[in-house]
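2 protein chains.
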Amino acid sequence: MTIILDAMGSDDRPDPEVQGAVIAANELNEEIVLVGNKNELESLLKNVPGDKSRVHIAHAPEALDMSDHIVEARAKKQNSMKIGMELVKEGRGDAFVTAGNTGMAMYFAKKTFGDIEGVIRPCLCGVFPVRNGKAVVLDIGANAECRPEFLVQFSIMGKIYAQTMLKIAAPRVGLLSNGEEEGKGNNLVRETFPLLENVEQINFVGNVEGKELFGGDVDVVVTDGFTGNVVLKSTEAVAKLIVDILKEELMSSFRTKMGGLLAKPAFGKLRSMLDPSEVGAAPLLGIDALVFVGHGRSDTKAIVSAIREAKQAVDNHLLEELRIAITESLS
Amino acid sequence: MTIILDAMGSDDRPDPEVQGAVIAANELNEEIVLVGNKNELESLLKNVPGDKSRVHIAHAPEALDMSDHIVEARAKKQNSMKIGMELVKEGRGDAFVTAGNTGMAMYFAKKTFGDIEGVIRPCLCGVFPVRNGKAVVLDIGANAECRPEFLVQFSIMGKIYAQTMLKIAAPRVGLLSNGEEEGKGNNLVRETFPLLENVEQINFVGNVEGKELFGGDVDVVVTDGFTGNVVLKSTEAVAKLIVDILKEELMSSFRTKMGGLLAKPAFGKLRSMLDPSEVGAAPLLGIDALVFVGHGRSDTKAIVSAIREAKQAVDNHLLEELRIAITESLS
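First to last, the protein sequences are chains A and B. Each residue of the first sequence is one higher than the one before, counting from 2 in the numbering used here. Each residue of the second sequence is one higher than the one before, counting from 2 in the numbering used here.
Check before you lean on any hint, since a few could be wrong.
Given that identical chains are not distinguished, each listed pair holds provided it fits within a single copy or across any two copies.
[Unchecked claim] In silico DSS-like cross-links for lysine-lysine, where the CA-CA straight-line distance does not exceed 30 Å: (1) K258 - K241; (2) K39 - K53; (3) K212 - K39; (4) K185 - K78; (5) K302 - K53; (6) K258 - K77; (7) K270 - K185; (8) K212 - K270; (9) K185 - K111; (10) K185 - K112; (11) K39 - K135; (12) K185 - K135; (13) K39 - K78; (14) K53 - K265; (15) K168 - K248; (16) K185 - K47; (17) K212 - K258; (18) K241 - K212; (19) K270 - K39.
These are calculated hints, taken from the structure and not from any lab test.
Based on the provided sequences and hints, a complete structural model is requested.
Here it is in structure tokens:
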């Protein structure tokens, strides 16, 4: 297996990518191709300790910036994201990983691979830490405006992701709303509800709220990309605020500092639950290839975790499972 | 001043209301009228310690249930919410407080008081705990579907609330979106953005995300009632999950228990920040009266805090300020 890694995606590029590639190649025993400026990557790679026999370099003279829009991105015809995806398209890699701009990743992925046959809109799929595990939320940002039939497909793709990647046999699928009762919701939710009730492929549990999502009462939560993105960022911000305040208050006196030191083992579960580098990367579901987008703030650990996720997707035939499920839903 | 309190609103009604009325009447030195079954309230009141000379009872033989919809609610012609609002309408009270069903409160408030002249849609206004203070978010649930002009009025009403109640001189007003740049957002956000730029009455700071909201970089956040409600409930659920896990982990060993005890003073700020009973109640802004809706799970402390907020609104002429601002916005 070969994973193609955009070396120029993260905010601190290409260091986290170069180091992450070496660690992941050895941990996973797979080939990794770093895509970026050949000379720069070669000299950086030299200074990274460890066995580098499975880490390769593909040259891409240009790199996208986080602030690039479509116009600037298209002008960079040799950017690392585009060239990396083309390697996958040519069969020289099994999956593509980037910590770059999500919008640009979706743009180049659609251009390079197109959609899985039958998919109306690909979406960005998020994995949220919840009580006793994880839940899949989609769309978290690709489609700010959605029609009910988009959400129906998100529910099927989310179910396949939960089954294949999180190993949940019969994922419970909920529709995010402002109230649990049928009839609650905005127009989109009220039109989508009866459609989801009739999707035989999924185990639809009805409308859900934050309580059910974070309480672990649902495995897949379907929503439009605007709401999903706002929920993702708001809940991340609240978690950060709580942790920051707790840290500050623990440092505020000798007594609380000592208490904090003693209580340290208790913070481990919370830390790993909230650590963005443990979550891995968000797949672009519905694209006819395996494309994973990590956080722009990815560090080495986050890059390794994104590569691990991509490998798992290849191992578990995520793309094939998605193709089968979409075909089945149309028949 | 007289505050009319629905005695039959909270999940544990009427105990929190009866106890809260006595505490608030003495703390605030104002008159409070409990609305509910006279005999029941009289006998309960007898058993509450303290001076009860400022607590009065108005009889309402019926009570709404949390599960009541419009049809059931309308059939209860003598319900405590309706009768309490009518007392305010008749000039026998200055503000109305309930911990009952928000949808029903909005329904009866519109019927009893109507809207402030010029208001297109009243909304439910939430006060969120954020870094170094509080932020106003509206709409948090009254209007699942919104048009841009609704959001323009929410921005003006939110500004007045922040000025009058939170004493913020020039509140920064943001539009909740899935990205900070202009042009980000769903159709509603993209249509609302240029309108907000042209509202002279407000200090519009552009699109905001969870980071700005919870980071304390904005004082008023405008959104549709679907998104606002989902954000409110999701962030509450995440905060609860974090606190629950922290508590469980602190109790998991002798060492962490000791650490938790030593560190206890450090948890105070977090506890008071996240305590729903400290937040008070959500005002129905745009209704031509002062109506506050507390959480259904309100305890005595939460009822006191809701009454305190209602008093503050009367003292600070919130309703008059709203009327002036709406009139000004139309001229």
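Evaluated hints:
1. K258 - K241: Both, since 20 Å and 24 Å are each at most 30 Å.
2. K39 - K53: within (15 Å within a copy, 82 Å between copies)
3. K212 - K39: neither (49 Å within a copy, 37 Å between copies)
4. K185 - K78: For K185 and K78, the Cα distance is within 30 Å only across copies (25 Å; inside one copy 47 Å).
5. K302 - K53: Answer is within; shortest intra-copy Cα gap is 17 Å, inter-copy 63 Å.
6. K258 - K77: neither (51 Å within a copy, 57 Å between copies)
7. K270 - K185: neither (35 Å within a copy, 35 Å between copies)
8. K212 - K270: Both, since 20 Å and 24 Å are each at most 30 Å.
9. K185 - K111: between (34 Å within a copy, 20 Å between copies)
10. K185 - K112: between (38 Å within a copy, 22 Å between copies)
11. K39 - K135: neither (38 Å within a copy, 50 Å between copies)
12. K185 - K135: both (25 Å within a copy, 28 Å between copies)
13. K39 - K78: For K39 and K78, the Cα distance is within 30 Å only inside one copy (17 Å; across copies 78 Å).
14. K53 - K265: Answer is neither; intra-copy 36 Å and inter-copy 49 Å both fail.
15. K168 - K248: between (35 Å within a copy, 29 Å between copies)
16. K185 - K47: Close neither inside one copy (59 Å) nor across copies (41 Å); limit 30 Å.
17. K212 - K258: So K212 and K258 pass the 30 Å test across copies only (28 Å; inside, 33 Å).
18. K241 - K212: both (19 Å within a copy, 9 Å between copies)
19. K270 - K39: neither (40 Å within a copy, 52 Å between copies)
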